[in-house]
Amino acid sequence: MDKLDKKQLKRESIIQAALQLFSTNGFYKTTIPDIAKKLGMSVGNLYNYFSSKDILAKEIIKYTSQVLGEEIKKINMQDISSRDKIKLIVKVYFDMAQTKPEMIEYFLRVYLSHREVFSDGCEGMVCVSGFITEIMIFFDDGVARGELRNQDFFSAFGLFMGYLGGMVFLQGEEILPQELDSYIDDVSFNIYKALSV
Amino acid sequence: MSKCKLLWLTSISCNGNAHSFLNYPHIQTFLNDFEFVYHPILESTYTLQEILEQELKCDIVLLEGAISQEFSKLDISITDTLLRYAKSAKAIVTVGTCATFGGIFKDSGYSNASGLHYIKDTKHHRYDELLSKTVSISGCPVQPEVLAETLYAIKDDMALKLDEYQRVKEFFAYTVHNGCIRNEYFEYKVDNHQFGEKEGCMFYDHGCQAPFTRGSCNKLLWNETNSKTRNGEPCHGCSEPNFPTTNLYKTQKNMGIPQNMPLGVNKRAYLTLAGVTKAFKIKRLEEDLF
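Going down the list, the sequences are from chains G and F. To convert, note that position 19 of the first sequence is 276 in our numbering; the numbers rise steadily by one, no gaps. To convert, note that position 246 of the second sequence is 265 in our numbering; the numbers rise steadily by one, no gaps.
Each hint should be verified, as a subset may be incorrect.
[Said to hold, decoys possible] Computed from the model, here is a short list of chain G residues facing chain F with C-beta under 10 angstroms:
#, residue
1, 382
2, 385
3, 398
[As the list claims (entries may be wrong)] Here are the in silico distance ranges between beta carbons for each label pair:
#, chain 1, residue 1, chain 2, residue 2, range
4, G, 443, F, 216, 33 to 39 angstroms
5, F, 213, G, 377, 31 to 37 angstroms
6, F, 216, G, 261, 49 to 55 angstroms
7, G, 262, F, 288, 47 to 53 angstroms
8, G, 290, F, 309, 19 to 25 angstroms
9, F, 89, G, 411, 21 to 27 angstroms
These are calculated hints, taken from the structure and not from any lab test. Only a predicted model underlies this, so the values are computations on that prediction, with no experimental measurement involved. C-beta: ideal position from N, C-alpha, C; glycine also.
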């Protein structure tokens, strides 16, 4: 493994560790020494990778957005109906909420809750573009195929993602009476009904 | 030296190209080098009847308007006349989008109304024998300079590089977006436009097709002065095979995402880039220029 790959891997492991700590203990309660300790590295060395906690926070949101975006891209590339794609997107989102809860938690409890951290450098949707772009591609394709109703992007986006975020939030609060997976069919059906022509 | 002989044949047409050509700023010089054996408006050597009934010499045949077997003049089929003169001419130039792609007449009630070689972007192969000496100049209307400079090039036996529709690359290798003075607004995704005003890019909301339309409107200005997009009017894509489309003043979008991308640009890459540039919020570009 060359030096660059090694550095890249280390960078990713810092992101992973920080993601865990930020989403479990909260952004402000987590310090750089906490993250360094979890990784068994020195604080000074960690600063070689990320010069501040805010910068790390922004890199994490880009990273999670990219990971989720890559999953949706795989769905977008398939030659299937919008209805089937909706179901797969719901499934990917709910799977991630269960297998990598820190990713969704981070989005809901750090990114959306501490906008002041992200105001400089993550304006608009810059840091979540990896994910947003794939949702746009999905909508665009659905309308072009005559399956989804042509409407404003945000009215559709809010319905889709607000709904999924809400369900995951309810699950996180342990309010949902059943497993998240058991809602996939109904949730996908509702989204399809709401967005279809 | 004898003048190069031009025969301007009009099929079904609004004569817009013939009129547009009158605005060529160097028309006097042009007429010293070229002779119209027939032109529908300008003084010509022969009458239409003489052209149709006799076998006269011409070097270049210019076709304006869409063709169909149904169209005739003085009961003589236009296509028959065209084929007769094309045989001995050194080039045939389709002048305008109707003559090239069928234009507005391709959707009319006439059967088989088409351009000389195309119906929209599909080759119909009816006159393939003329293909090797056809040069297309599309546009509604064509730019006079583009027509004149092409005719000079043919007259002087210059090797013209052509695109897949026989259009002259010198003028059609560019998009109309090229040279548009609104490019800062395009780069930072600021539409914010009022018709006729100087501010804003019209690609996002106002239907501008310049980023995916080939032509030289912003390279060779109309009347040596201006272009539609510079003046605050969206490009309607008049030089392209599918012209005219509908709803020309509104950008066609799917859930807010433009249906047509700038030429050759991948939609995924475009959306990623757009997400970044939209976040810039440049005050200067949001304000009036004057």
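Hints, one by one, checked against the model:
1. 382: holds, 5 angstroms
2. 385: The hint holds - residue 385 of chain G has a Cβ within 10 angstroms of chain F, the shortest such distance being about 8 angstroms.
3. 398: At about 8 angstroms, which falls below the 10 angstroms cut-off, the nearest Cβ of chain F leaves the hint on residue 398 of chain G intact, so it holds.
4. G:443 <-> F:216: 33 to 39 angstroms: violated, 50 angstroms
5. F:213 <-> G:377: 31 to 37 angstroms: For residue 213 of chain F and residue 377 of chain G the Cβ distance comes to about 33 angstroms; the hint holds.
6. F:216 <-> G:261: 49 to 55 angstroms: For residue 216 of chain F and residue 261 of chain G the Cβ distance comes to about 50 angstroms; the hint holds.
7. G:262 <-> F:288: 47 to 53 angstroms: Because 25 angstroms falls outside the window, the suggested range is violated.
8. G:290 <-> F:309: 19 to 25 angstroms: Given about 56 angstroms between the Cβ atoms, the range is violated.
9. F:89 <-> G:411: 21 to 27 angstroms: violated, 51 angstroms
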